[in-house]
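Chemist: Spelled out, the chains give:
Number of protein chains: 2
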Amino acid sequence: MILQGQRLPTVVISDLSPLVEGGRYPTKRVAGEQIQIEADIFKEGHDVTVAILLWRPAHRRKWTEVPMTKLDNDRWSAPLTFHHPDRYEIRIMAWADDFLSWLHDFERRIEGGQEDLQTEIEEARVILNQTAIRAASERCAGDAEKIESLTTQLMKCPVEEVLDLIDTPEVRSLLARWPNRALATTSDQKILLQVESKAALFSAWYEFFPRNAEGLATRHSTFRDCLPRIEDAAAMGFDVVYFPPIHPIGKTQRKGKNNSVSCEADDVGSPWAIGSEIGGHRSVEPALGTVKDFVWLLNKAREHGIEIALDFALNCSPDHPYVSDHPEWFFSRPDGSIKYAENPPKKYQDIYPLDFHCDDWRELWAELRDVVLFWVDKGVRIFRVDNPHTKPVAFWEWLIAEIHAVDSDVIFLSEAFTRPKMMQVLGKVGFTQSYTYFTWRETSQELREYVEELTHGPMREYYRANFWPNTPDILPYHLQNAPPVAFKIRAALAATLSTSWGIYSGYELCENKPLPGREEYLDSEKYQLKDRDWNQPGNIKAFISQLNKIRRGNSALQSYANIAFVHADNDQILAYCKWSDDRSSILLMVVNLDPHHRQESMIHVPLELVGVKPDTDYLVEDLLHNETYTWKNSSNFVSLDPRIKCAHIFRIGEK
Amino acid sequence: MILQGQRLPTVVISDLSPLVEGGRYPTKRVAGEQIQIEADIFKEGHDVTVAILLWRPAHRRKWTEVPMTKLDNDRWSAPLTFHHPDRYEIRIMAWADDFLSWLHDFERRIEGGQEDLQTEIEEARVILNQTAIRAASERCAGDAEKIESLTTQLMKCPVEEVLDLIDTPEVRSLLARWPNRALATTSDQKILLQVESKAALFSAWYEFFPRNAEGLATRHSTFRDCLPRIEDAAAMGFDVVYFPPIHPIGKTQRKGKNNSVSCEADDVGSPWAIGSEIGGHRSVEPALGTVKDFVWLLNKAREHGIEIALDFALNCSPDHPYVSDHPEWFFSRPDGSIKYAENPPKKYQDIYPLDFHCDDWRELWAELRDVVLFWVDKGVRIFRVDNPHTKPVAFWEWLIAEIHAVDSDVIFLSEAFTRPKMMQVLGKVGFTQSYTYFTWRETSQELREYVEELTHGPMREYYRANFWPNTPDILPYHLQNAPPVAFKIRAALAATLSTSWGIYSGYELCENKPLPGREEYLDSEKYQLKDRDWNQPGNIKAFISQLNKIRRGNSALQSYANIAFVHADNDQILAYCKWSDDRSSILLMVVNLDPHHRQESMIHVPLELVGVKPDTDYLVEDLLHNETYTWKNSSNFVSLDPRIKCAHIFRIGEK
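Chains as they are written, first to last, in numbering that gives the first Met the number 0: chain A, 0 to 654; chain B, 0 to 654.
A few of these clues could be false.
Repeated chains share a single entry, so a pair holds when one copy, or any two copies, can fit it.
[Claimed, not checked] As a list, the in silico DSSO-like pairs of lysine-lysine whose alpha-carbon atoms are at most 30 Å apart:
1. Lys525 with Lys299
2. Lys612 with Lys420
3. Lys155 with Lys338
4. Lys69 with Lys644
5. Lys529 with Lys155
6. Lys420 with Lys189
7. Lys291 with Lys346
8. Lys256 with Lys644
9. Lys631 with Lys338
10. Lys390 with Lys346
11. Lys299 with Lys390
By construction, these hints were calculated from the structure, which means they are not laboratory data.
Please read all numbers here as calculations on a predicted model, not as lab measurements.
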């Protein structure tokens with residue numbers, strides 16, 4: 000019988016938000032990013048309820064208290080901003096407050112004209128006395144004395160002056176320090192909040208194949224040759240350079256150019272077919288140099304403000320040392336041979352998948368964790384994870400927790416292009432950032448709906464979108480044989496619709512030649528070295544540099560969910576506002592989605608959102624083109640000719 | 000480290016529905032009412048996943064399995080219908096199925112033109128052998144033999160005939176009986192399902208004051224005098240008669256007529272001021288008779304198909320025995336006297352509220368439970384609970400669980416007219432039915448939105464609306480001095496929009512006189528006896544009887560959430576369809592909300608929903624007026640003149 004147990008809750012506290020799957024997974028924020036905590040809080044009767052939020056780092060005992068404010072319909076709220084990356088725990092406590100309930104009741108009696116109030120004043124005396132005792136018992140003699148003195152004044156005070164004496168900010172604050180929480184209720188639900196460093200949210204990625212750093216089809220570049228490419232990425236304003244796998248590439252069943260099953264003697268093979276007699280995931284391809292060379296490059300890059308991200312790809316070539324040392328980690332066929340990867344009728348003979356549920360799964364998982372720790376130990380802070388949706392979700396939840404137990408600031412980017420719920424759960428179980436469907440969202444309606452889903456739905460709490468216009472695997476149809484301005488448009492969208500974006504090198508050169516009928520690049524770097532002039536005429540490096548510069552200089556572009564689409568009469572024009580939490584930075588982006596024709600439109604600026612008064616002139620300063628316009632009221636005209644400019648990034652200011 | 004623990008989940012199973020607050024409270028259904036269970040279920044890779052639903056009565060160990068079906072976007076589903084009231088527990092289990100994964104893979108190889116399939120057939124042999132071993136180990140020699148024989152056939156079978164041999168309903172069903180669940184995952188989440196008797200969902204209530212049963216201002220009726228009134232309620236088709244409190248009424252501070260603070264010698268007092276020197280909540284007002292008389296009436300009523308519901312009102316008059324026996328259960332003032340109820344500046348000197356959080360709360364709560372058990376023991380099955388929102392929510396959760404542990408079929412109706420979230424949580428913690436805002440929803444938009452919220456939002460899972468056009472406390476403005484047809488309109492809406500409805504007696508006589516400026520009745524029965532002719536001319540008893548008869552005869556009106564509003568061009572016309580789960584009963588209600596004028600409209604019947612083919616004549620039979628029309632296609636004309644008829648209840652049939 001419950002009656003034998005603890006005192007039951009006196010206040011209903013429910014529907015805490017934001018929660019991810021009811022609290023099964025942590026909610027995410029980065030340092031400095033606000034979170035608005037809300038809950039339903041109410042109790043029976045007419046008492047005045049007080050609610051506070053309690054938070055602590057998950058590994059500490061001591062709680063910090065933050066007062067909550069009542070909204071309408073029994074919903075309460077409090078904002079929180081954490082500045083130190085950590086895992087936090089948030090609960091809510093509420094109680095019917097003795098003093099405030101008495102005060103509310105007393106005020107209504109006065110208003111109702113009740114004359115004899117001696118009993119009520121006597122009740123206040125009792126409440127004050129108990130409050131003083133609580134203060135004294137916590138050795139706060141100062142407060143106890145103040146409350147005792149207040150009590151003395153109260154007992155001598157004419158009835159009509161009681162409220163003047165007792166309903167002051169000072170008294171409320173004094174008494175609020177010593178509330179009677181004997182009947183307080185603490186929420187069963189708690190919010191787990193994962194606060195990560197700002198780099199988890201705000202980053203610009205540049206991917207290149209280190210073996211092709213010099214842009215020579217005839218010479219395999221080394222780590223030592225990569226520095227100019229990294230300096231170029233830094234000059235374009237990128238802060239992450241991501242390398243496809245740098246490990247020894249298998250020889251058995253090596254793929255030839257354009258994914259051919261037959262391979263020439265000098266073919267370099269796919270870096271994702273990892274492992275040779277030289278080593279596996281802890282080694283580097285000798286043609287690139289040594290682990291020491293890599294570490295040299297990592298540190299050099301850091302001098303330029305660049306982190307190098309490694310690819311964590313859990314494929315093994317038939318030559319990987321795991322195959323001979325641990326055949327039990329792979330799938331085997333009835334004849335005892337090891338199974339290569341297949342997605343019938345497709346065959347991937349150069350890759351053996353691992354069996355994550357094999358009998359020795361514990362050893363396998365621990366080894367894979369130790370591989371990540373090996374590179375973390377070498378100084379790698381960021382991993383782009385290849386196809387995580389083809390490995391068990393539970394493995395990633397475990398692995399990321401294990402790594403974060405050692406270093407909570409390691410960033411994992413999920414490269415899952417698959418069904419929505421799998422992509423989402425990978426964000427929930429701990430991936431810091433995730434690839435998205437942005438690559439295939441083209442029309443204004445598609446982009447609007449998708450960004451709304453990412454930023455204003457449940458995904459906002461756990462999924463950080465990294466927008467890529469291209470990858471080595473994807474040259475989307477809309478960029479195939481497209482003019483340079485199409486590349487500018489998609490870069491402008493990616494760089495301003497989300498806080499993280501990236502390009503695969505060659506994009507800045509507007510490389511646009513596909514394998515016919517496929518979304519793949521012709522002569523893909525995945526299988527060969529290529530000649531390239533990194534500064535070839537017609538490149539859009541200056542435009543990209545300008546985008547990244549604007550991103551760094553305007554905190555509006557560093558906030559994830561503060562985005563509102565702006566109505567444009569012409570649906571070839573996509574317009575949207577972004578703003579910083581403190582509203583010190585407010586931008587309006589206007590993009591012509593059509594790379595071929597001038598598009599004009601009235602757009603309808605939400606004046607209140609951008610802090611502009613009706614009938615007042617305001618300035619919009621195009622940060623992309625250094626032009627300033629004077630606008631008035633909501634509806635204004637824009638005209639974007641892709642031969643001249645494809646987008647505005649307006650900073651909105653007062654005249 | 001997690002690796003030391005149990006094997007981790009191989010399948011992601013999440014977002015089970017329907018859940019109430021993530022499973023904190025049970026989901027509700029009644030016997031025979033279908034529930035659709037859904038969940039997100041998916042895993043990495045290309046294996047074929049199989050999911051089943053597991054259910055059991057919460058107090059049993061053995062699970063029953065039900066196969067689930069895949070919808071789109073990784074959502075799975077299975078319908079369940081329970082026929083025995085009980086608390087059930089529902090979980091989900093899923094796994095990658097060896098045989099089905101093999102079959103899927105094999106089919107794709109055949110389609111892809113692969114010729115050498117000996118390895119694959121050998122794999123099938125291994126899978127079949129293991130399946131046969133599982134069958135044999137469960138002592139199902141028959142299945143084991145069948146599988147062994149299948150294996151023998153398989154090994155002799157030409158490749159092109161393998162699918163004909165192995166992909167048959169018989170083989171799938173045989174192998175599905177012995178799946179390999181070694182890596183199966185069971186959901187952490189579970190659905191608690193409270194299945195109640197049908198009376199929890201479908202009921203028609205009639206409230207009268209037993210002391211006024213004979214309709215005489217000069218004579219206090221007794222329980223023995225109540226039988227004619229109960230027979231009249233039964234004749235009108237009601238199945239619950241609800242009595243305001245029947246306990247001794249206090250004398251101290253007794254309220255006079257029309258809630259006057261001064262009371263005449265012969266004033267009967269408010270039945271909600273419970274308790275006198277004669278007794279409290281276990282006693283009956285002597286003027287009504289004895290507990291034995293009440294039990295006699297209860298049994299007589301049951302002979303007429305009527306359950307008598309008691310009012311559970313936790314107020315005490317100053318004369319209640321608790322006041323002298325347990326002063327510690329009440330709130331006291333600084334001078335030691337007991338506090339009467341107040342909502343400043345209003346005072347309720349005839350009522351002492353209980354202090355549910357007093358030091359002796361355990362004894363108080365147990366006593367109140369025992370009061371309910373006392374009446375359950377006397378045969379009472381239904382309680383209407385007075386103002387539950389002024390007592391702690393935790394008390395109700397505990398009390399209802401305690402009662403249901405003794406008798407799970409006891410029904411509690413929550414009389415909370417207060418803020419939405421408090422009303423909702425009372426439904427969540429166990430109240431079977433709840434009063435609603437229907438009483439104040441007048442326009443078609445208000446009614447539509449409110450019914451949508453009740454039936455198609457989260458409330459559908461735990462809140463059972465009981466629609467009352469009036470109560471002894473509420474004569475809504477739209478019925479004040481209104482014509483009889485206004486009473487018919489509100490009755491028709493209440494009786495057909497929800498599965499439970501009720502009226503407070505006098506409604507059938509169209510009593511419409513308010514206290515001026517208030518929503519209260521003039522000369523309210525709460526404080527006095529009244530003269531009444533229960534068959535006075537102009538009454539709408541025949542109309543009400545017809546409504547209840549139609550409710551009983553058409554299962555569409557016994558389903559709660561199967562409702563769809565139908566567009567009417569004239570918003571004075573409210574039209575809606577209801578249907579039974581099996582679609583054997585489909586009704587279309589059309590109500591003129593305007594009691595003063597004829598209203599005409601085109602209404603647009605959703606043909607697919609009502610099972611009518613386009614361009615085909617169909618019959619609509621008005622069950623209220625015994626008239627049949629032939630309609631065709633969606634748009635049809637209706638005309639309702641309140642002087643003649645205010646509503647249609649159409650049964651839709653084929654021509």
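Chemist: Look at each hint and say if it fits the structure.
Modeler: Against the structure, the hints come out as follows:
In the homo-oligomer, the alpha carbons of Lys525 and Lys299 lie at most 30 Å apart inside one protomer (25 Å), although the nearest pairing across protomers, at 88 Å, exceeds that limit. For a Cα distance limit of 30 Å, the shortest separation of Lys612 from Lys420 qualifies neither inside one copy, at 43 Å, nor across copies, at 38 Å. Taking the closest pair of Cα atoms, Lys155 and Lys338 come within 30 Å of each other only across two copies (25 Å); inside a single copy the shortest separation is 92 Å, beyond that limit. Taking the closest pair of Cα atoms, Lys69 and Lys644 never come within 30 Å of each other, the shortest separation being 48 Å inside a single copy and 48 Å across copies.
Neither within a single protomer nor between protomers do Lys529 and Lys155 lie at most 30 Å apart by alpha-carbon distance, with minima of 93 Å and 53 Å respectively. Proximity of Lys420 and Lys189 under a CA criterion of 30 Å is satisfied in both settings, with 24 Å inside one chain copy and 20 Å between copies. In this homomeric assembly, Lys291 and Lys346 never come within 30 Å of each other (Cα to Cα): the closest approach is 36 Å inside a single copy and 85 Å across copies. With identical chains, the CA atoms of Lys256 and Lys644 are never at most 30 Å apart, being 38 Å at best within one copy and 82 Å at best between copies.
In this assembly of identical chains, the alpha carbons of Lys631 and Lys338 never lie at most 30 Å apart, being 68 Å within a copy and 64 Å across copies at closest. Proximity of Lys390 to Lys346 under the C-alpha cut-off of 30 Å is restricted to the intra-copy arrangement: shortest distance 18 Å within a copy versus 68 Å between copies. In the homo-oligomer, the alpha carbons of Lys299 and Lys390 never lie at most 30 Å apart, since the shortest distance is 34 Å inside one protomer and 69 Å across protomers.
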